[in-house]
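Just so you know, the sequences run in chain order A and B. 268 is the number of the first residue of the first sequence in our numbering; add one for each residue after it. 4 is the number of the first residue of the second sequence in our numbering; add one for each residue after it.
Some hints here could point you the wrong way.
Taking lysine-lysine and the DSS-like style, the derived pairs with C-alpha atoms no more than 30 Å apart in a straight line are [as the list claims (entries may be wrong)]:
1. B:238 to B:275
2. A:281 to A:345
3. B:26 to A:345
4. B:275 to B:177
5. A:281 to B:335
6. A:303 to B:238
7. B:236 to A:303
8. B:236 to A:316
9. B:269 to B:177
10. B:254 to B:275
11. B:31 to A:284
12. A:378 to A:303
13. B:335 to B:114
14. B:219 to B:142
15. A:316 to B:262
16. B:113 to A:284
17. B:31 to A:345
18. A:281 to B:113
19. A:284 to B:337
20. A:316 to B:238
21. B:111 to B:337
22. B:337 to A:281
23. B:238 to B:254
24. A:303 to B:262
25. B:138 to A:303
26. A:378 to B:236
Between beta-carbon pairs, the in silico distance windows are [said to hold, decoys possible]:
27. A:306 to B:116: 46 to 54 Å
28. A:376 to B:160: 33 to 41 Å
29. B:160 to A:303: 22 to 30 Å
30. A:361 to B:190: 49 to 57 Å
31. B:39 to A:380: 36 to 44 Å
Here are some of the chain B residues that sit facing chain A, going by a computed Cβ distance under 10 Å [to be verified]:
32. 50
33. 56
34. 83
35. 305
36. 360
37. 362
Don't read these hints as lab results, they were simulated from the structure. Ideal placement from N, C-alpha and C gives every residue a C-beta, glycine not left out.
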Amino acid sequence: MAHDTAHHGSNTAKIWKVFILLSVVTIVEVILGIIKPAFLVETTVISMKLLNWIFIILTIYKAYYITWSFMHMEGETKGLRRSVVWTGIFLICYLIFILLTEGDYIYEVFKAGHKSWDF
Amino acid sequence: METAVTKTGTEDKIWGGGNQPLKVSYGKMMMWFFILSDALTFSGFLAAYGFSRFKFIDSWPIADEVFNHFPFLHGVDAPMYYVALMTFILIFSSVTMVLAVDAGHQMKQKKVIFYMFLTIIGGAIFVGSQAWEWKNFIKGEYGAVETQGGNILQFVSPTTEGDGTVAYHRVGLKDIVVIDAHKDRVQHDRKNGVWFTKEETLPTYTISEIATGFTKHSDVLIRTQELVPDIEKLKASGNPRKIAEAARLEKQLVNPNDKGQKAIYKREFSLKRMGTAIGIVEGANLTHNEYGAPLFANFFFFITGFHGFHVFSGVIINIIIFINVILGTYEKRKNYEMVEKVGLYWHFVDLVWVFVFTFFYLV
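Please build the complete structure, drawing on both the sequences and the hints.
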């Protein structure tokens, strides 16, 4: 494809910037994971610890930069971008929603059931 | 540019397949769709992990206690440092890969060789680290006993800290066992069996040796898989079942206020629990593991194994392309798109690891 070689200057500076960003986010995650601040563990948002929400959001943030910058998704056409990203995100969200709901339901059944499962 | 990318001979025929609405070559587009389908496979695994975890939300192993090894630091509790290092290695090899792709765009062969070499080295270190993690996980550290119902009981012993608080640290099977010198049970081998079959490896100790040792060591307590719930919340719930549960925990545990930690039973209840133990578990395999729920080990093996296999195949593919770069194949083609395609795969492997890291080690 002509556009690959034609208007590609060097992106080195931008690559290193993204690397630093990803490193900083990872370091923040590890620090939070080790000290586990009490108020983040005790606060619950939509039946999950706030700390876990922070981890998940930071992960998605990292995933965005890897896909957009390293995999160069930002340079692809709208059609390719949407057919890959939207399909993936929709199916994954759906899968996670049904499986976690079901898992929680089974937990409640075990918990409230009249059968002992620690025998 | 004639041999740059696969041509189908239909480039100028709009209705014959010559149209490229996505403005990428066939190979690159298909790499993207392969990545999409592979991402769905991984999310299937991770969602199944989430399912099992929600199902056993009050008894899942605590990752910090399982993955706390660091090379050359024996006996030091180093939760997560090593996986954090592995994450950095993988992110860094992703950076060198994107630098190789960038150098390819500028047709700088030497630079592509250098950066691809670094990428391959990073990938190899990562696979090696994962093998080391597996080794630690399979070997286990303390050992535990398993009950009739398939639950894991671990051993702890109290120590008084400088400020007067009591801390419970794990003790291994080898610390409490009283060896029975008269045991005559030997492993049944191929050579002495009638049907030339061998049995499974015998555990280092028998359950009766551990039971005797546990009775002798009167300070050792039992730690179960249960995570201590918020007792105050249970009491305030108004549900008689939950209030009874709170009363039971307060009566039986030494640590009823350690919310989110593993439950440790008082000595008399520990003895009762020990009575239900039927076997020894040392380390982990697909059916038993000393860390807790067997599913935990299954998911660990499947998810990190599947990812490790991707890294491994990524390294192999990188090596093939690396050799091609050295041979000057892409110089002749005047196009380094192949490097870009394997680069996409390599970044994807990194992308998956970011999620595995979060859901296995952090959350």
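Contradicted hints - numbers only: Per hint list: single violation, 35.
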